[in-house]
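*Asks:* Position in the sequence shown (from 1) plus 54 gives the number in my numbering.
What the hints contain is simulated information worked out from the structure, not anything from laboratory work.
Keep in mind that a hint or two might mislead.
To be verified - Straight line, CA to CA, 30 Å or less: simulated DSS-like cross-link-like pairs of lysine-lysine: (1) 154 x 129; (2) 155 x 64; (3) 78 x 63; (4) 292 x 63.
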Amino acid sequence: MSTKYDAIKKRLRGSIAPVITPFKVNGDIDFEKQSELIEFQIENGTHAISVTGTSGEPSSLTTEERVQVMENAIKTINGRIPFAPGTGSTNHDETMYVTKKAEEMGADAAMVIVPYYNKPNQEALYDHFKTVADSVDIPIIIYNIPGRTAQNMEVKTMARLVKDCPNIVGAKESNKDFEHVNRVLLNCGRDFLLFSGIELLCYPMLAIGGAGSISATANVEPKKVAEMHIAWEEGDIKRAQDLHFELMNLNDVLFKDTNPAPVKAALGMMGMIEPVLRRPMGLPSDALQEEIRDTLVKYGKIEKIASV
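The whole structure should be built from the sequences, with the hints applied where relevant.
*Replies:* Written out as structure tokens, the structure is:
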């Protein structure tokens with residue numbers, strides 16, 4: 055059955071880069087750097103942009119800062135590719151407010167996380183998401199990341215929401231349970247937009263009918279992440295598989311500490327940002343930073359430092 059959301063569903067595919075929030079040394083948001091990072095993504099073939107999701111440190115931003123980051127992003131993108139910011143929170147009213155702001159500024163969709171820390175039950179999850187979805191007229195992507203939220207949205211809850219809310223069009227599943235994500239498509243419909251948030255499942259999810267990925271690795275290697283999806287869409291399965299395995303070592307090292315700490319360390323080494331995180335987050339250990347540096351050298355992202 056066709057809906058008014060079909061057009062954007064066709065565009066919201068491939069690599070959606072969850073762009074980090076760059077800070078200055080004093081902790082202020084560096085909006086100029088944010089614009090540069092978005093340009094870097096667009097120049098390297100990224101298919102859509104998200105901000106203020108997990109990689110954007112949303113819980114370290116004030117509500118108004120989140121809105122400012124979103125506004126700067128959509129201004130920079132200027133309609134060139136779709137924009138789907140993260141608008142969810144552990145606070146229901148804040149989620150409503152930020153999601154409404156995303157709609158008002160013209161975002162193509164809003165990504166709403168399962169509330170973290172407070173662990174609502176399945177009926178409460180349904181009520182939360184339905185209330186948010188009913189309050190706006192833009193597509194909603196459910197963000198299910200049980201490793202961060204300590205609560206998994208069950209397939210039956212997601213299917214119920216999809217049935218009752220026409221604008222819930224997809225889900226970012228940061229869920230290592232591959233049986234679960236298979237059942238998401240089975241129960242929510244094969245046209246449901248399923249995005250992988252687990253780097254090592256980005257390629258396997260395409261094989262079952264996934265729409266793409268929202269991968270933190272795209273911050274560092276956007277071109278190859280996007281190329282993997284392009285290769286799949288073009289039927290070049292061997293190329294897509296090769297890129298999947300080629301990216302694996304980089305994926306691994308970027309998740310040896312809590313995201314986005316390794317990503318920010320890597321971007322700092324690449325000279326793209328000041329590697330600053332807001333407390334309570336911090337940079338990886340010296341040993342891990344050295345491993346990240348060695349990996350970036352192997353991937354040709356930086357040059358090897360000559361030993362003295």
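*Asks:* Now, for every hint given, state plainly whether the structure supports it.
*Replies:* Each hint, compared with the structure:
no. : hint      : result
1   : 154 x 129 : holds (17 Å)
2   : 155 x 64  : holds (23 Å)
3   : 78 x 63   : violated (36 Å)
4   : 292 x 63  : holds (27 Å)
Taken one by one, the earlier hints fail for this structure only at number 3.
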